[in-house]
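Undergrad: Between the sequences and the hints, there should be enough to build the whole structure, so can you do that?
Protein chains: 2
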Amino acid sequence: MFEQLKEYLQKRIAVTDEQFEMISKDIKVKTFEKNKVLVAPGEISPKAYFITEGLMRCYSIDSKAKVNIIQFAPENWWISERNSLFNEPSDFYIDTVEPTTALLIPKNYIQDAAQTIPCFADLNYKMLNNSIRFMQKRINMLLSATAEERYLDFIKLYPNLTLRVPQWMIASYLGITPESLSRVRKDLAHKHFKV
Amino acid sequence: MFEQLKEYLQKRIAVTDEQFEMISKDIKVKTFEKNKVLVAPGEISPKAYFITEGLMRCYSIDSKAKVNIIQFAPENWWISERNSLFNEPSDFYIDTVEPTTALLIPKNYIQDAAQTIPCFADLNYKMLNNSIRFMQKRINMLLSATAEERYLDFIKLYPNLTLRVPQWMIASYLGITPESLSRVRKDLAHKHFKV
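Sequence order for the protein chains is A and B.
Quick note, in my numbering, the first sequence goes up one by one and the last residue is 208.
Quick note, in my numbering, the second sequence goes up one by one and the last residue is 208.
Worth flagging that the hints you see were computed from the coordinates, not collected in a lab.
Since this is a predicted model, take the numbers as computed values, not measurements.
Worth double-checking, as some hints may not be accurate.
If several chains are the same, the list does not tell them apart, and a pair holds so long as it fits within one copy or across any two.
[Unchecked claim] The calculated lysine to any residue pairs, modelled on SDA-like cross-linking and capped at a C-alpha distance of 25 Å, are:
hint	residue 1	residue 2
1	Lys150	Leu174
2	Lys169	Asn143
3	Lys49	Lys169
4	Lys120	Met148
5	Lys24	Ile189
6	Lys24	Phe99
7	Lys204	Ser76
TA: What follows is the structure, encoded as structure tokens:
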């Protein structure tokens, strides 16, 4: 479990085995069953999750009981509830879509690790900016892209999720109806595009 | 001009006049006419902008020549092209909607300032996380909210923009048609809601 996080970090910054051990003493591993709700609106989550196996998602349920998926987090992704960093209650749910094993990361982990390993501050800065770039792109897609463009973007971002996730959840993430998604998939199949 | 930035910072972190002078020596002031394009897709922007007067926006133009507005930046807002932080070409345009005076902030300003004033790192961390929270909320609104809910959220976020910005631009930001926006405004007026 910890090896996966160590590899993730070592791909991005210089971390020795000793340094990794020092900064990892407060991390715990936990396995959750499918459909386990870890954070609900109104709660303050004390942790971020680094997924080593399985799949989590972040979502809202609106006044019409429609589920709106903000993010999927498969293996080697992080997922966290950002309001909790400011000790404010969550706007969203986080749950497991599959049985999931995750590292439970104390919420100021990267900030604290930066005290031990200065280049962790750079990593945090890059990860936060990448989240912003990623979300700007998503907002742009939601404002402008066709259902087909959104779906093609989704399979580029999450190449192994199309068979793991129910179609209605993908439609929810894309902001289209399940019927539109079904049409898009049929059209792409006709064009011999592997979906 | 510089006073406005100093006040902005002093509201958020402890900065003395001397410290502010030290970290501000590379900042320039510039006034731009209306409709001036400052960054276009494919370009690398060397700067962020802190608006002291006027209004900028960040947007894309899609394959159907439709304009999609990602962000407005009126007085006391920051606007920047995030790809440039990684020396990658911009995905978006940034231009002025009104004649605008802005401080031209070197792109690593807050990181560099953190060398002089350690609490700048906290400010940067908070600002980046707030951007992420803000965009998660916007994605959620685009996935789930009605045209009226989106408009009410817009006037809460940008209280003084509804009269300054052409209606089609507000519709573009909200991801609705100008006709829908016109209907929403009429409905709200009937309910005696000040729009």
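Undergrad: Each hint needs a verdict: does it hold in this structure or not?
TA: Each hint tested on the structure:
When the C-alpha separation of Lys150 and Leu174 is checked against a cutoff of 25 Å, the pair qualifies both within a copy, at 20 Å, and between copies, at 24 Å. With identical chains, the CA atoms of Lys169 and Asn143 are at most 25 Å apart within one copy only, with a shortest distance of 16 Å there and 27 Å across copies. Taking identical chains as interchangeable, the C-alpha atoms of Lys49 and Lys169 are never at most 25 Å apart, the minima being 27 Å within one chain and 35 Å between chains. For the homomeric pair Lys120 and Met148, the shortest alpha-carbon distances inside one copy (21 Å) and between copies (20 Å) are both at most 25 Å.
Taking the shortest Cα distances, Lys24 and Ile189 never come within 25 Å of each other, neither inside one copy (36 Å) nor across copies (42 Å). For the identical chains of this complex, Lys24 and Phe99 are inter-copy neighbours only, at 17 Å across copies versus 29 Å inside a copy, given an alpha-carbon limit of 25 Å. Taking the shortest alpha-carbon separations for Lys204 and Ser76, only the inter-copy value of 21 Å comes in at or below 25 Å, while the best intra-copy value is 38 Å.
The structure is inconsistent with the numbered hints 3 and 5, although it conforms to all the rest.
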